[in-house]
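We have chain A already, so just place chain B on it with the hints.
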Amino acid sequence: MAEAHPVGFQWVMEAKARGATVIHVDPRFSRTSAMADLHVPIRAGSDIAFLGGIINHVLTEEKYFRDYVLAYTNASTIISEDFADTEDLGGVFSGLDRDHRTYDFDAWRYQAGDVGAAAGRRDRPGSGKGGQNGNGQNGDGQNGDGRRRRVRAAARGEAHGSGGAAAHPSPDTDETLQHPRCVFQILKRHFSRYTPEMVEQICGISPENFRRVYEALTSNSGRDRTTALVYSVGWTQHTVGVQYIRTGAILQTLLGNMGRPGGGILALRGHASIQGSTDIPTLFDLLPGYLPMPHVHGNEDLDTYADAESMDNGFWANVRSYMVSLLKAWWGPAATAENDFCFDYLPRLTGSHGTYETVLAQIAGDCSGYFLLGENPAVGSANGRMQRLGMSKLDWLVVRDFSLIESATWWKDGPEIETGEMRTEDIGTEVFFLPAAAHTEKSGSFTNTQRMLQWHHEAVEPAGDARSDLWFAYHLGRIIREKLAAQSGSVPGSSSPAAGEHPDADEMNRPILDLTWDYPLRGPLREPDAEAVLAEVNGWDGDGKPVSSYTQLKDDGSTASGCWIYCGVYADGVNQAARRKPGGEQNWVANEWGWAWPANRRVLYNRASADPEGKPWSDRKALVWWDPEQGKWAGHDIADFIANRPPSYRPPDGAKGVAAISGTDAFIMQADGKAWLFAPAGLADGPMPAHYEPQESPVQNLLYPKQEHNPVRETLRHPGTPYQPSGDEPGSEVFPYVATTYRLTEHHTAGGMSRWLPYLSELQPEFFCEVSPELAAERGLEHMGWATIISARSAIEARVMVTQRMPSLTVQGKRLHQIGLPYHWGRNGLTTGDAANELAHFSLDPNVHIQEVKALAVDIQPGRRPRGPALLDLIRSYHERAGITDETGTEV
Amino acid sequence: MGVRTWIEGWPVYRQLTGPDKLGLGAAAKSGATSRRQPRVAEADNVVKSVCPYCAVGCGQNVYVQDGKVTQIEGDPDSPVSRGRLCPKGSASLQLTTGDARQYQVLYRRPNGTDWEKLGLDQAMDMIADRVLAARRKGWQWEVDGQRTRRTLGFASLGGATLDNEENYLFKKLFTALGAVQIENQARI
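Protein sequence lines, in the order shown, are assigned to chains A and B.
Here this note's numbering is used: the first residue of the first sequence is 32, the next is one more, and so on.
Here this note's numbering is used: the first residue of the second sequence is 9, the next is one more, and so on.
It is worth saying that the hints were derived from the structure and are not from the lab.
Wrong hints could be hidden among the right ones.
Claimed, not checked - In silico PhoX-like cross-links for lysine-lysine, where the CA-CA straight-line distance does not exceed 25 Å:
no. : chain 1 : residue 1 : chain 2 : residue 2
1   : A       : LYS47     : A       : LYS94
2   : A       : LYS652    : A       : LYS663
3   : A       : LYS652    : A       : LYS514
4   : A       : LYS663    : A       : LYS687
5   : A       : LYS646    : A       : LYS663
6   : A       : LYS443    : B       : LYS125
7   : A       : LYS47     : A       : LYS652
8   : A       : LYS687    : A       : LYS585
9   : A       : LYS424    : A       : LYS443
10  : A       : LYS424    : B       : LYS76
11  : B       : LYS76     : B       : LYS56
12  : B       : LYS145    : A       : LYS514
13  : A       : LYS737    : A       : LYS845
14  : A       : LYS424    : B       : LYS56
15  : A       : LYS612    : B       : LYS56
As the list claims (entries may be wrong) - Incomplete in silico selection of chain A near chain B, CB under 7 Å:
no. : residue
16  : LEU297
17  : HIS302
18  : GLY307
19  : THR309
20  : TRP427
21  : GLY459
22  : PHE464
Glycine included, C-beta positions come from ideal geometry on N, C-alpha and C.
So that you can see chain B by itself, here it is in the shape it has in the complex:
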């Protein structure tokens, strides 16, 4: 490092000689700050997404690095949102990567006082058995002599936070099982 560079490294020198006379901007910027980059600059790829909160449908850019989501920002290309996100949308990174999320299947046995851990495959198998049992328990071929071919044995609630494709599969599956009590937030 030459003397000149060394001197120019002083904020006070830059303040006295440069345009930033008050030392509130470029003159005061440290080397460490200069070398900083936005988190998103190093992303391996940017994935186009949509905010999961309300139904305005703001565009999101999801930044991924080393197989992890590192940042979520508004998508300036979106004609809906023009890059903006509200406080909830801006908190999407915390929603998706925060430590409040559960990653373990939990099970509470009848009359149990606490959760137990359960394997996903076993849970799926148990749930399938219970669906079939409840379906049979509440099955109605007829009501008042008229054909209903249905079950009132199990119900479902939720869908407005899910994708269209997910709602489609749930409606298709549950209807084929004969269930009618399929509902979501649109009723609320």
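The following block holds chain A by itself, in its conformation from the complex:
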């Protein structure tokens, strides 16, 4: 955190000054470790074993916050008899379909006496109009498994960015927590073998260090104290990334640290608006506000979509209102009740269309055009060679950036030109480079890592051809609409176009011609008014007045909103994101600086900071509370709850939607109002986390010897991205070391905003690798000399830094060496070097399709890498030594 989010780290230092203990768990000693009370070196890729060990300790030693756990979690919920654990099935959960590499999570469902009751169908893809409890109908009643599989492939897990998957709202429970199939007992059995000895053997963490961590955590959690977990992509970039975070969530929930001040799990994100680009998603699987993109199966029309994606209880019951309001924002008067509000204008998914699948589609020739908008995949994405190979097959490429990044110039100076794999004259890709405007040259909002929108104002106009992306998107759309209108003899925004050049053309073009696309333009550059776009994102009611809350949205077409969770950011016609009441003039929550979704609440699920009766668990940790005199929730923050719903409220029988949320359902976006220690739905790879080795690991899975990897990880296949043998497989000894990538303070992601700056380039002038003195001795590496790091994909060279900051560990009785690789570098800019991501493969987390670059198995040798075709010879020789085939590493 001190390294990559230094200014945020000031608050950790504030806490430390007030007595907080700071623990840093990381393979390498960084600037964060230097400030921490304790640095715990860990083997990259083993965090679930580590956190699972703490969970085991908390459960067996009864260190959990019992009142909190009983009130706010699903610990007492009884799970169906169909469920079988990894302990029973040799490392996999029940429901595994080995042929298709998916889980059917019906086998993990809640037990409910009233089996006839519908549970809501969200994330029950393929169930069509049937419920979770299975009227047994799968939409059209045929090919149900296939449908479920394909829909699940479409990264459905990400639709839970605002609330969980569907589950039975009122399952059977045992408040004594003794029932053998209650979540609490299942959890206990599941983690029972995650012992301190196991942690030592798997993670390389000494029992003494492990004890110091769990004692610090448990002694600082409970009624009077809270502990926060902070993570970044060190947790997400794994084939089990989502389950890493789940493990943290289980631990924090058991300790009563969620929804409370000083608690929580804080994701530190790495781009100014990466949260915003998830909320208003430039992501294939989502529409704004975490509404899933329609899937061919189960989302045939608006009714089936609303039915399939909604839940019976809570705010997700109103999916139809959110969706219709979005359709009205996009298609305005053309969207009517008669035409399903233009639902059919939305393209449908058939599976995963993530960025790595898109690369394969480019290589296959299915995808022939590509926009790069402030992203540099030739450096920042896994396996740069595959990225460039994809781009070399395109008809055209548009790059919008500040400078000539590697993804713009690979056709004349990329690594494949050097190796002779590509020849500039043979590459048919047409490339457009368009200079982008900087943040000082445009107005707009970023959503920061705590979901807070902050407006930045234009200071000056961009010079030359530089333009904002708002300008580019708007004018590209305008020109396209004019061209299509001219073809069809119609006017954009008017009714049906006349006959076109193709029998289907009119129908194909209607969504773009009917689109609302009339933003006010200003200034000589004809820049669209960003506030007008924000107003549309916020939405308006039937009278055209800005809505102030998503509860105002209707499903009859009378309201419009471009992103329902952002309703309120333009309340009263005021740009709430531009609010800047100085922090010194507000309380410590500072609700009047910027605006956070939902409803300007700063701590999610903060109802849990109060006990079931609505009183803070302790005065020290008060955040929100029920004020019986005023009949509403009060506090330092805005309550993440229905403002006037008392703790005593119990839903009447048969209540639906928001009325079904009990006064103690602190986790209001969950189907059952509870924090999930066990996830009965929504995760592709298990209801609880289990330790699996990375796709490529030098060691065998000690916890589940029969199951080395996540059985449902997504292994994309192409000869350009082969996998290595792992664990006990012959050939894995060829890649004996663990490499992990990371950032440095002085550079930013793939370097497009840092490697061209003299100040920053001078501060961190060269790509390097960090190795321990032991590894240096073992391989003959010299400090400040060169090393070549080799995987089955590529070989890169780096300056060697021999340092104890990268300690070697003892794992399963053997010394294990790790190699640290900052990944910022590429061939262009003021400071140049090989890109670490060249080494990475295309094995992905099955929930979110994120690549595993935080734990790779590699070899390292002294000296510079070969030049030209000799580089390919080197990689080929490693393939031969390791016995790599097309099938290596692809087993379940």
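Same frame as chain A, but now just chain B:
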């Protein structure tokens, strides 16, 4: 200038007679230094902004003079950052006004060996044509007999460095064109 003023202009005099006996502070300050002002003092206006690097969201004050950005500093009012910026945020002036930035549209024709200059309007028109062609080339009304109404003909990558309003327009436009392969850094 009187004699007294002249004498008091000597650093050594100030050092001997004033509180700065070691001559390391005020006594050693030259007239030229005294007359200096911070760059930001002369700014025509100060524009409120947000750091464009990571997602902490530190506040920035952007100083503008004669239509140019002259300095970018941390905003002390921000409850997030309290005026601080890290090395990257502190380099924002170089990011936005440095000479590494491109201001000219460049074009590489198929099989070409170098960049050529291209007008912005012409580039926009050419890109629009190519989007429409790729869209049609990859168009799919149906897949396995089920309606998809989409194109796999073009893809987009990037968004985490852009504004919410920009992401919104891209998602809206590309979705209306039928594209589904719209992705950004959140996937990485």
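Evaluation of the provided hints:
The hinted pair formed by A:LYS47 and A:LYS94 meets the criterion: a straight-line CA distance of about 24 Å does not exceed 25 Å. Restraint check for A:LYS652 and A:LYS663: satisfied, since their Cα atoms lie roughly 19 Å apart, inside the 25 Å limit. With a C-alpha separation of about 60 Å, the suggested pairing of A:LYS652 with A:LYS514 is violated against the 25 Å cut-off. Proposed proximity of A:LYS663 and A:LYS687 is supported: the alpha carbons are some 22 Å apart, at most 25 Å.
Distance check on the hinted pair: A:LYS646 and A:LYS663 sit about 13 Å apart at the alpha-carbon level, within 25 Å; holds. With a CA separation close to 16 Å, the supplied pair A:LYS443 and B:LYS125 stays within the 25 Å bound. A hinted pair counts as satisfied when its Cα atoms are at most 25 Å apart, and A:LYS47 with A:LYS652 qualifies at roughly 17 Å. Taking the CA atoms of A:LYS687 and A:LYS585, the gap is near 16 Å; set against the 25 Å cutoff, the hint holds.
Between A:LYS424 and A:LYS443, the direct Cα distance comes to roughly 15 Å. Compliance with the 25 Å bound is thereby established for this hinted pair. Between A:LYS424 and B:LYS76 the CA atoms are separated by roughly 42 Å; this puts the pair beyond 25 Å, and the hint is violated. For a cut-off of 25 Å, the pair hint linking B:LYS76 to B:LYS56 stands: about 15 Å separates their Cα positions. Taken as a hint, the B:LYS145 and A:LYS514 pair is honoured in the structure, with Cα atoms around 17 Å apart against an allowance of 25 Å.
Of the pairs offered as hints, the one joining A:LYS737 and A:LYS845 holds, with about 21 Å between alpha carbons and a cut-off of 25 Å not exceeded. For the hint linking A:LYS424 to B:LYS56, the alpha-carbon distance of about 43 Å lies beyond 25 Å, and the restraint is violated. Proximity of A:LYS612 to B:LYS56 is assessed by CA-CA distance (about 12 Å); at most 25 Å being required, the pair is judged to hold. Because the closest C-beta pair between A:LEU297 and chain B is about 11 Å apart, greater than 7 Å, the hint is violated.
Against a cut-off of 7 Å between C-beta atoms, the interface hint on A:HIS302 holds, since the closest Cβ of chain B lies about 4 Å away. Satisfaction of the interface hint for A:GLY307 is found here, the shortest Cβ-Cβ separation to chain B being roughly 4 Å, below the 7 Å cut-off. A distance limit of 7 Å between C-beta atoms decides the matter here; for A:THR309 the minimum to chain B is near 5 Å, and the interface restraint holds. Interface restraint check: A:TRP427 against chain B, minimum CB-CB distance 5 Å, threshold 7 Å, status holds.
The interface hint given for A:GLY459 holds, since its Cβ lies 4 Å from the closest Cβ of chain B, which is under the 7 Å cut-off. With its C-beta approaching chain B no nearer than about 4 Å, A:PHE464 sits inside the 7 Å limit, and its interface hint holds.
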